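Chains A and B supply the protein sequences, listed in that same order. If you're matching positions, the first sequence starts at 1 in the working numbering and goes up one per residue. If you're matching positions, the second sequence starts at 1001 in the working numbering and goes up one per residue.
To be clear, the hints were calculated from the coordinates, so they are not data collected in a lab. Everything numeric in this text was worked out from a predicted model, so none of it was measured. All C-beta atoms, glycine included, are put in the ideal place defined by N, C-alpha and C. Possibly wrong hints are sitting among the right ones.
What the hints assert, rightly or not - Computed, partial: chain B to chain A, Cβ under 8 Å:
(1) Gln1241
(2) Gly1242
(3) Ile1258
(4) Pro1259
(5) Leu1297
(6) Phe1301
(7) Leu1304
(8) Leu1305
(9) Thr1319
(10) Ala1320
(11) Lys1322
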Amino acid sequence: MEESNTKLTKKGGGRLCCICNQRRAALKRPKTLEQICRECFYEVFEEEIHQVIVDNQLFKPGERIAIGASGGKDSTVLACVLAELNRRHNYGLDLFLLSVDEGITGYRDDSLETVKRNEVQYGLPLKIVSYKDLYGWTMDEIVKMIGLKNNCTFCGVFRRQALDRGASLLKVDKVATGHNADDIAETVLLNILRGDIARLSRCTSIVTGEDGPIPRCKPFKYTYEKEIVMYAYFKRLDYFSTECIYSPNAYRGFAREFIKDLERIRPRAILDIIKSGEDFRISTSTKMPEQGTCERCGYISSQKWCKACVLLEGLNRGLPKMGIGRSSRGLNNDPKKDKYMKQGNGTKSIENKQCGSLDF
Amino acid sequence: MACNSSTCQSNSGCYNREEEPISSKSSDSNQQSLCVKCKVNEPVSGTSDDGRFCRECFRSNLYGKFKLAVTSNAMITPSDNLLVAFSGGSSSRVVLQFVHEMQQRAQKNFDASKDRSLPVFGVGVTFIDESAYHQSVPSCEIDKAIEEIRSMISNLAPPAKQLHVVPIESVFSLDSLDGRERLKTLVDSVSDATGKEDLLLYLRMLVLQKVASENGYNRLVLGLCTSRIACHVITATVKGQGYSLPADIQYVDARWEIPVVLPLRDCLTLELKMLCHLDGLKTLEFSNGACSGINGLVSSFVKLLQEENPSRECTIVRTAGKLTPFHFNRIPELNDSNVPLATRRRQKRFNLKPSESISSESFCPLCFSPLSKSDLLSFSSCQNYDILDAASCSSCRFQIFPKDPSSMEHFLSILPQPLLARAKNCSNGNHSSLRKQIQDCLLSDSEDET
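Could you build the full structure based on these sequences and the hints that come with them?
Structure follows, in C-alpha cells:
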C-alpha cells in the first residue's frame, strides 16, 4: 500500500501530507512550509488557537464573550473557530457577535449583511452599535464635513469606544478581536519606527485593557494572516472583502510590505518579531503617559478629555480640525504635523485597525 | 544648547526647530545663504539638512558629538591604549581621524604640562583582511588597499600608530593556508544566507578581540554610526533578539575581554560621508557585494524610511535606547593600583552614575549575546544541543547551527578554538546551575542499572 503510494507521488507529483502520511498534501503551510492535507490543516490551525487560549487562560467557563465582527476575513474566521472550539472543548462560553456600524454607505451596510448571515450560520446572537446612535454622526456625514483627510482618525477613535460601549450593553466579560500575527508584528515595527515606547511595551500583550472596563484579547496573536485567508478559502466561509470606500489602500503601508517581504524569505520572522516585542524590557525611568478617565464621558483617557470627546466637540462646534495632530487640544494647523499624522494614520495603534477587511 | 546633550540624537531635527524661526524672520535672501550657526560663512552645498552649515561649523558639530560620547562615557582615559578597527569605509575613516585629533591634543597638553602626570593614550589601527570569505575580490585589489592604508597611517602626524593587518582566518590560530580552507568549510556548512553573514560578523569580532588582546590594547574602537545601529535594531527585532538587543547598541560594550566603544553612535552615515568628502579623507570601497537575506532587506527598508524622513534613523535608535541596557554596558571602574591616581580620578569624574541595568550571567557561545530565561529553558528541554554543552540563543540555533544532531558534531569540530572555549566557559556556569535545580529528579547511571 505504502509503496504504491510513493509511486503515485513520483508520478502524479502529489506528495503525501507530512502530518498524517495518508492523504495527498493540498497546501504548503505558510507558517512552517510543511506540505499538508486540508484536514490536517484545519486540525493544526484550530488546535494551535486552542493551545493559545488555554496557555494564556484567555477565557473562563461561564464567561460572556463578544467577538468584534466586521464581516471581514479575520473576524469571520474568528467567529467560526471560536464557535467550533467552544463546542469541541467545552469552554462553556456565551458567544456574541458585536458589530460597529460606522454609517458608510456602499461599504459598511454591505459588510453588515455578511455579519447578519454569520449570525445565522454560527448561531451567535448579533449586536450592532452605530456611530449615529452613539455620537449623532455617521461617517458619511463626517466625511461630508471634513473631507477625505484625517477621516480615518475619527473613525478609528470612535470605533474603539463604540466597541466598548457595545460590549457593556451586551454585558460581556471580554471582547475578542481578530488581530493576527501579521498585525501585531507590524505594530511592533511601527512603534519602533515612530518612537512610541509606551505602545511598544504593551502592543504584544495578548490581553489588553485589564484595568479598563472590558478587557480585550487576541486569540489570533500567533496566527498568520495567510493561514486565516487559507482557512476561509478552503472552508468557503462567507466573508466580505471590499475595502473601505473612504480609504482604499490605507492600511497597506510600507511596514506591511516589509513584513510580507520578510515572510517570503523567512516565514518565522513574523513570530520572531512578536517574540522580540515580548522580550523588550523598557527602562522604568522612561516616562509613560498616565492613564486616567475622561472628565466628560468617563471613558479611559490619558488627557482631561478622551480623544473621542475632543473630536466630537470639534465636529459639533464646526471646528473639525480640533484634536487632529499631535497636541490633543485646540486648533493645530502645522502642516508638518498633519503629514506625520496621516502617515501613522490607521496604523497608529492596533486598536485603530483600519476599516474591517484587510485582504490582499 | 539642547543639541549638545547626549540624549538628543536628532541633531539635524533640533537645528531645524531652533533655527527655523530665525531664518524665516530674516526674509533677506543674503541672510538665508549663510551658515545657520556662525552666520558668517557660506554653507557647504549638500543634499542633507547639514548643507545649511558652513564647513567649519559642520565639522565642529560632528567632532562635538564624538567628543561628548567619549567624555560622558569615560571611553578614553590617559593611560589607555586604543585599537581602532579600520575597514576603509567612511565611518572608520572618520573615527580614526577624530581619535587621532584627540590624541594630538592630548600630546600638546602633555608637552606643555609641568608634572606630566597624565600620559597620552596610545592608538593602534587594525585592518581585517576578509578575502578568505569574499573569494570574489581579487588578491591584487586587497594588496593595493593594504598598501594604501599603510601609507595613510604613516602619513598621519605623530604620535606614530602601529598598523596590524590580520586575515580573518587567523581566528583559527593555525597557519593561514589551512585556515582559509577551514573558514570556507565552516561558512559553507551554514545554509542560511543571513546566518552566513552573521557568522562572519561574530568571527570578525573574535579576530578583533584577539588582535587587541595579543598586542596589549585595552579598548576597541568601532566606527558604528546611527544609521548602522538603526539597521541593527530592526534586524535584531526581526531575528527575535529583542532581549539581547540593548546590549549591542550602547556607547560601551564591556562584555568582551577588551571593552568595545562606539564613539560615533550619534552620527549619521550621510554626515560621515560628507566629512570625508569635505576633508578629502580617502576611503576604500570593496566590491564585496551587497548584503542578501534579512540584513539586505532591512538595510534597504531603513534607507527608504530615511529618505522619506531624515530623522527616522535617529528615532529608531532613540526608541531602542529606551530599552534597559545590561550591567556590562559601561566602562568598568578602575581599582587597579598600577593605574596612576590622576587617571583614576579623571575617570571617576566622567563615569556615569550607575543606572538600572539587567545583569545576565549566560551568553550564547556563538554570537555572545546575553540569554534570556526562556532561551535557557528551551535549551534544557532540547536534547540536540547537549553536544555543545551550552545554551545558545534561538536565533543562532535557527540560522547558523545545523538542524540535525548528526551534522552538529561536524559543525562543532570546525568551529574556531576561542568559540569552543567560550562555550565550555559558559556551560560550566549555567549548565551546572541548571543541573542543580533539577538534581532531585535525575536518576544516576547506577540507579538506572539496578
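For this session: Compare the structure with the hints numbered earlier in the document and write down the numbers of the violated ones, lowest to highest.
Result: 3 and 4
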